[in-house]
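Number of protein chains: 2
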Amino acid sequence: MADCPVARSVDAVGDWWSLLIVRDAFDGSRRFGEFQRSLGVAKNILSARLKALTDNGILELAPAGAHNEYVLTAKGEALFPVIVALRQWGEAFSFAPGEPHSKLLDRRNGKPLKPLEIHAADGRRLTPADTEVHKLS
Amino acid sequence: MADCPVARSVDAVGDWWSLLIVRDAFDGSRRFGEFQRSLGVAKNILSARLKALTDNGILELAPAGAHNEYVLTAKGEALFPVIVALRQWGEAFSFAPGEPHSKLLDRRNGKPLKPLEIHAADGRRLTPADTEVHKLS
Numbered sequence: 001m002a003d004c005p006v007a008r009s010v011d012a013v014g015d016w017w018s019l020l021i022v023r024d025a026f027d028g029s030r031r032f033g034e035f036q037r038s039l040g041v042a043k044n045i046l047s048a049r050l051k052a053l054t055d056n057g058i059l060e061l062a063p064a065g066a067h068n069e070y071v072l073t074a075k076g077e078a079l080f081p082v083i084v085a086l087r088q089w090g091e092a093f094s095f096a097p098g099e100p101h102s103k104l105l106d107r108r109n110g111k112p113l114k115p116l117e118i119h120a121a122d123g124r125r126l127t128p129a130d131t132e133v134h135k136l137s
Numbered sequence: 001m002a003d004c005p006v007a008r009s010v011d012a013v014g015d016w017w018s019l020l021i022v023r024d025a026f027d028g029s030r031r032f033g034e035f036q037r038s039l040g041v042a043k044n045i046l047s048a049r050l051k052a053l054t055d056n057g058i059l060e061l062a063p064a065g066a067h068n069e070y071v072l073t074a075k076g077e078a079l080f081p082v083i084v085a086l087r088q089w090g091e092a093f094s095f096a097p098g099e100p101h102s103k104l105l106d107r108r109n110g111k112p113l114k115p116l117e118i119h120a121a122d123g124r125r126l127t128p129a130d131t132e133v134h135k136l137s
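Each protein sequence line maps, in turn, to chains A and B.
Position one of the first sequence corresponds to residue 1 (my numbering), numbered consecutively onward.
Position one of the second sequence corresponds to residue 1 (my numbering), numbered consecutively onward.
Simulated from the structure, these hints should not be mistaken for lab results.
Treat each hint with caution, since some may be false.
Where chains are identical, the list cannot tell them apart; a pair therefore holds if satisfied intra-copy or between any two copies.
To be verified - Taking lysine-lysine pairs in the DSS-like style, the calculated list, with each CA pair at most 27 Å apart, reads:
| id | residue 1 | residue 2 |
| --- | --- | --- |
| 1 | Lys114 | Lys43 |
| 2 | Lys114 | Lys51 |
| 3 | Lys43 | Lys75 |
| 4 | Lys103 | Lys75 |
None of the values given here were measured: they were computed from a predicted structure.
Same shape as in the complex, but just chain A (with noise of 0.2 Å):
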C-alpha cells in the first residue's frame, strides 16, 4: 500500500468517473435512476462504480421502499473539499469568460462561496512554495 495520502485516496475512489457519483450524491441524486440519468452511462458500469464506492465506504445503502437509495457516509460527506476544489479550479480554468456553467451557491444568501485557500495550523496563509513533502523513505 501507498504510504502517501493521496495516493491513497486515489485508490479508495477508484476512478475519476467515480467522483462525478460523489458529486451527484452532494447535488440530491439517491436512487440508480437518478445517477443514471444525470451520468448518461450503462447500468452495469453505473452498477460496479456505486458497489466500488460503497465497498469502500463511501456511500452507504439505505432502504427506501421499493428500492434502496445511496447516502453519503460521513468518509463520503468528508470529500466535499475534494469536490468544492475540482469544481473551482474547473471554474477558473475551463470555461469561458461569460461561459454559462453549473454553480455552487450559499443556501441563505444564493452567493457563490469563497475561493478555497490553504493555512498553516497558525493560519497564514500558505502557497505551494510555503510547504514540502516528507517522506516516509
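Based on the hints, put chain B in the right spot on chain A.
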C-alpha cells in the same frame, strides 16, 4: 461539453493516475526519470500522461541542458487545493491510527497544515447541507 465545472476538471486532468504526476510535480519532481522512479510505471504510459497534462496546460516543458523538464503552469499550480484536499481525506480515512505516512508540512515550522474548510463569501463556515447546486437545465 459538460456544464459542470467538476466534470470539466475531471476531463482536464484526464484520470486519477495523472493526479499523482501533479502531486510529484508539487513535491519537486521535474524530470521524466524522477516521475518514473516515484510512480514505477511503464515509460510509454508515463509519456502519454505527461503529454496529456502538457496538452491540457497543466505542465509545460522547460529546456534544461540535455533534458527537458516538466514544470507546473499557473493552471497546474492552482490544483494545489485539490491535492491538499485528497491528502487530508486520505490521512483521515485511509490509515490506521499511528500508521506512518508521508506528510505535507509548513516549511516555516514543520507543522502540518490546517484542515481545509469551506467558507461562504462572508466567511461563515459551511457544511454540504448549507449549499445547493444550481444547474443550467
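Now the hints, each set against the structure:
1. When the C-alpha separation of Lys114 and Lys43 is checked against a cutoff of 27 Å, the pair qualifies neither within a copy, at 37 Å, nor between copies, at 40 Å.
2. Taking identical chains as interchangeable, the C-alpha atoms of Lys114 and Lys51 are never at most 27 Å apart, the minima being 34 Å within one chain and 33 Å between chains.
3. For a Cα distance limit of 27 Å, the shortest separation of Lys43 from Lys75 inside one copy, 25 Å, qualifies, whereas the shortest one across copies, 35 Å, does not.
4. Taking CA atoms no more than 27 Å apart as the test, Lys103 paired with Lys75 passes in both settings, with 24 Å inside one copy and 20 Å between copies.
When held up to the earlier numbered hints, the structure conflicts with 1 and 2 and fits the remainder.
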